[in-house]
Amino acid sequence: MLDQLISSLTDGLLLGFVYGVAAMGLTLIWGVMSVINLAHGPVIAMGMFGTYLLFTHLGVNPYLAMVPVAGAGLIAGLVIYVIAVHRVINAPHLSSLLATFAVNMIIIGVGTAVFSTSPQNINYSLGSVEVGFLTFPASRLVGAFGAILVTACLYLFLYFTRAGKAIRAVANNRMAAELMGIPSSRVLALSFGLGTMMAAVAGGLIATFFPFTVLSGGPYELKSFVICVLGGLGHPLGALVGGLMLGGLEGLIPTFMPVSWVPVVEFGLFVLVLLVRPSGLFGAK
Amino acid sequence: MALLQVNDIASGYEGVQILWGVNLKLEPGKLTTLVGSNGVGKTTLLKTVMGLMAPINGSVFFQGEDVTNLSAHARANAGMVLVPEGRQLFTEMTIYENLEMGAFSHRARANFKQNLDKVYELFPRLKERTRQKAGTLSGGEQQMVAVGRGLMAEPEVLMLDELSLGLSPLLALTLFEALTRLKKTGLTMLLVEQNVTMALAVSDYAYVLAEGKVHLEGPARELSKNDEVRRTYLGI
Amino acid sequence: MKVWQKPGFWLPLVIVLVWGGAVLLIHQDTMRESAFVLLMAVGLASSLNILLGYTGYVSFGHIVFFGLGGYTGFYLLSEQGWPLFASAIGGGLLSAFIAGLVGLAVLRLRGAYFALATIGINEAARAFVSNFEPYGGATGMFVNFSAYQKYGGPGPALWTTFTFLWITTMVVLVASYLVKHSRFGLGLLAIREDEDAAMVMGVKAPKAKTITYVISAFFPGVIGTLYFFKNGNIEPGDAFQLHMSIEMLVMVMLGGMGTVMGPLVGAVGYQWLRGYLLTSPIFKDLHLAVAGAMLLVIILFVPAGLVGWVRNHVQRLQKVLE
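Residue numbers (my numbering), protein chains in the order written: chain A, 23 to 307; chain B, 14 to 249; chain C, 167 to 488.
Warning: the hint list may mix true and false statements.
Stated by the list, open to error - Stretch by stretch, here's where chain A covers chain B in the computed footprint (C-beta under 8 Å, at least three residues): (1) 92-98; (2) 106-117.
Said to hold, decoys possible - 20 Å max Cα-Cα, derived SDA-like pairs, lysine to any residue: (3) K187/A <-> R122/B; (4) K226/B <-> A23/B; (5) K146/B <-> R184/A; (6) K146/B <-> F182/A; (7) K146/B <-> G186/A; (8) K126/B <-> F182/A.
Everything labelled a hint here was simulated from the structure, so no lab data went into it.
C-beta atoms are modelled at their ideal positions from N, C-alpha and C, and glycine is treated no differently.
With the sequences and hints as input, model every part of the structure.
This is the structure:
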């Protein structure tokens, strides 16, 4: 019983790292420009398919493939920002929600036409790892490692580079940033691009675990909402903690009740945290 | 030639026009002050000059060039720097990072070290707590960071909106003292200040804004003797 | 002037009255089916608009009231043998009750936080119902065949359902007009413009918002019962589709939020467009992408929606298009 619990928890936590990366992109965008990117799920799916195409058709190692996928995610984000988001950045929330949802429809629509909605998978196995009584696919371990790497890079970027500090400055006070000579529109576009880049990378990592379809981003988008709220909306590093919490919950709950109750607990908790502590469980304020 | 010239600026918010044709000139190396009662549009004027608000009419010339259509950040890069009302610090960032952001523009980055030393010399208190988050500072210290951040941008003209608002008289004095020291370095400044007595005392030239226009102007010393100014703004 | 003397009150009502009446007279099954889908869209979009358009609160998961009410009405009808009318009202009341319960808490959240919370509520409700055995769990429920007998078999029952939906849609439009033009509605508009200022002016915002939420939740519950009875079965996947929720928002935006006529125009326009794209040989595969692109254009360039745009540009029509 205990063995099973620990193994299920480990499994959940390893997955939680990757959830964290997906949520980090969403929370970064929210933190900088108060926009909830409803095109987040489809971008995750794009990351899955990008990795898949590079691997299946060009034989690129899937982990290596994530580098160009990240680049494409960044560019996609810049394009989405310029076309759909910039004009509604100061409008009421409904406008940016629906504008990003329109992008969601466009990506899903084109994606369905090109790839149909039949499931694909990346047929690349790293074998499994055994630690004591625990056995899990090595891809999970690599995924968790990748997630930590991405988080560390984001942290270093935001706190130790000029562009990163400019992002934080714009997030903190856009007018003051503009007065200091920071081109705030370009910084917003860059932040949006980084957010979608992380979504694409997360998609790539998830694609090494599970089969996926064009629509597979949706559930991860919803999970990202939950994670962002748990970790504090707008705090990129909180997203990793939130991801681990969600992963942990997903690992633990099935040992106590039927798996189908997992989303009830997740979303119940989500609404509760939003109501009680909208700044997140570890929010400073 | 005037360093900054404001021609016939009309500006306002949606549905409410506040400025109805303001003309203003800043001579290089001079400290100019803008006097006027609350709500007359001093902040609106500064925001329009900086490009944070689009004018309905009129133009802004800086160093002889028309900057009316430039964005605020482009004007900042050209050397026009505003220390805004309410300080508007990056509250989640440290003092050092705030100063760093001040030096964001290309022109300011080259002399980062010297400018930083100058700011620390002007406000030694900031040097003691460079790693502290700006949001946790007292009002006076925040204003020092705001001015310091503005100076880091290596301004050709420094505009200060409500420098002493909400500060104790002692702290206000410290900031005015800093202002006179900056003036000696030959920095061109435009000051908006509710403490008119102090403002006129340190300024070279002054404009009085009323009903959306320049109502009076002249050397600060003369204006401080003007009966109307004394009655309306100095309370004497 | 009394309400019934105003053209803005009558216009949407007469349109729906004539439209539904014509369908009943012509009595053709395919026409009834397409009119059902359209009227349902009008009813749902108008209910959402009562909250969204008049208070500015973006309920992204509004479909939860369609699902919960639909489930409850379906259960009463099929498992408990209640008549259709009573079941539909029962479904509506349950939705209204749930809205009252969560509303007080959730409506404290503003802007995007509220939108996120409503998504969470919808997902939680979907997951809960999937586990709720009296409602059939993950497989849902099928209509007990005896339920049709009361209405003279499945065929006539469908016509009865349509008639109920037609009446409900008209009631929604009346409710929407009355809310907008009452003192209460004035308070809501104040909340939409600036909630804090409205509170200072004496608008009891929490109470007013909750009442509005309850009203806008009641009708989807009624409509849900009618829809699932017509379909003959209900399951969690159909009842809580976030996608449908967003379609409702799109319809309101397309027509013009905060107007009575807007959701009617938006719902019909959206469904027509969808139908056209789905059957057009050129756009068939890309219908979702094309619809998305059109939505984007509307959001970016015509944020007031069609009715709002006309109202802003043609002064004379302002009295007619409320």
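Outcome of the hint check:
| no. | hint | in the structure |
| --- | --- | --- |
| 1 | 92-98 | holds (count 3) |
| 2 | 106-117 | holds (count 6) |
| 3 | K187/A <-> R122/B | holds, 14 Å |
| 4 | K226/B <-> A23/B | holds, 9 Å |
| 5 | K146/B <-> R184/A | holds, 18 Å |
| 6 | K146/B <-> F182/A | holds, 16 Å |
| 7 | K146/B <-> G186/A | holds, 17 Å |
| 8 | K126/B <-> F182/A | holds, 17 Å |
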